[in-house]
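Take a look at the letters that make up each chain.
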Amino acid sequence: MRAAGFDGPLTILGDEPYRPYDRPPLSKHVLTGHLPADVTQLPSSLGDGVAWRLGVAATGLDRDRRIVRLADGGTLSYDALLIASGTRARPWVHDDEGRLPGVFSIRGRDDAAALRTALAAGPRHVAVIGAGFIGCEVAAVCRDLGLPVSLIDPSPSPLSRVIGRTVGDPIGEVHRSRGVDLRMNCEADRLEASDGRFSGVLLKDGTRIAADIAVVALGAVRNTEWLEGSGLSADAGGVDCDEHGFVIDGRGRPDPFIAAAGDVARFPHPLYGGRRVALEHWGHAVAQAEHVGRLLAGEDRGLPYAAVPNFWSTQGDMVVKSVGLTEGADAVAIVHGDPKERRFVAVYGRAGRCIAAVAVDSARWLPAYSRLIETAAPFPPDAPALDRPRKSLDIRDPGFA
Amino acid sequence: MPDPATRPVTNPLRVNVDLNLCQAYAQCCYAAPRHFRIDGREALFYDPAPSAEARADIERARISCPVQAIRVEDPGL
Ligand SMILES: Cc1cc2nc3c(=O)[nH]c(=O)nc-3n(C[C@H](O)[C@H](O)[C@H](O)COP(=O)(O)OP(=O)(O)OC[C@H]3O[C@@H](n4cnc5c(N)ncnc54)[C@H](O)[C@@H]3O)c2cc1C
Ligand code: SF4
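Just so you know, the protein sequences line up as chains A and B, in that order. Numbering-wise (this note's numbering), the first sequence opens with residue 271 and increments by one. Numbering-wise (this note's numbering), the second sequence opens with residue -16 and increments by one.
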């Protein structure tokens, strides 16, 4: 909003007691001990030009009176409001087990600092529950620290809900070769305790994995409870927006005074046929915030928000990057490199169009594929970036469960 | 590179790299080897809060990045 020329008063409300900080290092270099959790505060040009209300949660929204109700009993009135309450870690299914000493999850910097302390104490065995991006990163950190670790997930291979089995299998092999005990096709059932501390994971098949640390990495839940009663269309999957980023009510009518951005926003993506998506990507939070910031500052609506989703994940010293969304992919082709060498690009197609690409240690090729996805280019893709004849591409089923 | 974990958190500079943009060209590592490093083939590790003395190196790193992925906040400038 400032960059777009808004110079009126701005208040930033947040329930965490900290200025905005970078979350990605929390599951990587903070856990290895290379960075303390509190140095990841983000650069910001805002400085003292805004009123910070930190450590105070919003508990309600009254759109008729245009006020936000606060946990300390106060209220905040607004002319324009941005909803950016993000997500929190999905808790373990059984509350009492999730609260056991030795059980961790990571969303905020206090979570990461606590887990770092526990890992530095040299646990005998770590159980990571959930082989999504954060679970894979944590498992890789454990191996970097020389800690025995099991990675448990009901899917056939790590990350396979997002990238499918065809690409997930070679990534699983990388983790296995680094010493991760991969427990795919295994569902965690109970977290067991002994002497009031976590002591192991019981799997659905009856197997027990003894461990002194559990990291619950089951994805995220959107922070939308505070919007209950506001009349907005919101649930645990996000708050619904129109194509520009203005939130909509239960009958689909946009509220021109309120926008949403980042992990909490569910919006129709023009690249994916207007299907509503909510993305948990750092780059998306930045790009969508810039887009709606201009709107809230009063700029013309212009084109709908349509940035190509992108993501990176650092797992040990392996970098996995993606552009686009794989959902609904019916084919995948390795277009660069070789999974056996831990260095490749895979492109995903749906109904004969390129919809996503995943690169492992091959970031330089990705921008070319981002453009193919942006223009819904035919799949299998042709040049610009192919390193082999198009007709020799090995086109496979992506292997989504 | 020195161990960032042991340096005071009150350091004034704030650095953030857009790792979606970063293509591991490593120019920043040549410009400021004490604050940027590549692990493996392309995993960039950087110091998000360098000391004031590093200002010139950090600025050189920022300018040399071919994809302009490096953001710096320097209240001292
Ligand atoms: C451990 C971890 C690692 C990650 N690694 C990567 C990565 O490698 N690559 C990548 O692309 N993305 C990564 N991400 C995702 C990325 O960090 C998020 O997409 C990004 O933080 C989203 O920003 P946001 O502002 O939308 O939400 P958030 O960062 O969640 O910020 C929302 C803020 O609102 C606060 N809040 C919630 N409810 C209320 C309320 N009622 N009142 C007041 N305040 C409230 C929250 O406490 C929080 O401070 C990672 C995330 C985590 C947790
Ligand atoms: S110079 Fe830029 S692209 Fe190269 S490694 Fe550094 S941040 Fe990444």
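If you are wondering where the hints come from, they were derived from the structure by calculation, not from laboratory data. It is possible that part of the hints are untrue.
FRET-style restraints, in silico, Cβ to Cβ [claimed, not checked]:
id: 1; chain 1: A; residue 1: S464; chain 2: B; residue 2: D22; range: 36 to 46 angstroms
id: 2; chain 1: A; residue 1: E443; chain 2: B; residue 2: E36; range: 43 to 53 angstroms
id: 3; chain 1: A; residue 1: D334; chain 2: B; residue 2: D22; range: 37 to 47 angstroms
id: 4; chain 1: A; residue 1: W322; chain 2: B; residue 2: R43; range: 30 to 40 angstroms
id: 5; chain 1: B; residue 1: R24; chain 2: A; residue 2: E457; range: 48 to 58 angstroms
id: 6; chain 1: B; residue 1: Q51; chain 2: A; residue 2: R613; range: 19 to 29 angstroms
Note that beta-carbon positions come from the ideal geometry of N, C-alpha and C, so glycine has one too.
Is 19 to 29 angstroms a correct range for the gap between the Cβ atoms of Q51/B and R613/A? Given about 25 angstroms between the Cβ atoms, the range holds.
Kindly confirm whether 43 to 53 angstroms is satisfied by the beta carbon distance between E443/A and E36/B. This hint holds: roughly 44 angstroms between Cβ atoms.
Taking the Cβ atom of S464/A and the Cβ atom of D22/B, is their distance within the range 36 to 46 angstroms? With Cβ atoms ~38 angstroms apart, the hint holds.
Verify the CB-CB distance for R24/B and E457/A against the hinted window 48 to 58 angstroms. violated (34 angstroms)
Status of the given 37 to 47 angstroms range, CB of D22/B versus CB of D334/A: violated (54 angstroms)
W322/A versus R43/B beta-carbon gap, inside 30 to 40 angstroms or not: holds (32 angstroms)
Consistency note: the structure conflicts with the earlier hints numbered 3 and 5.
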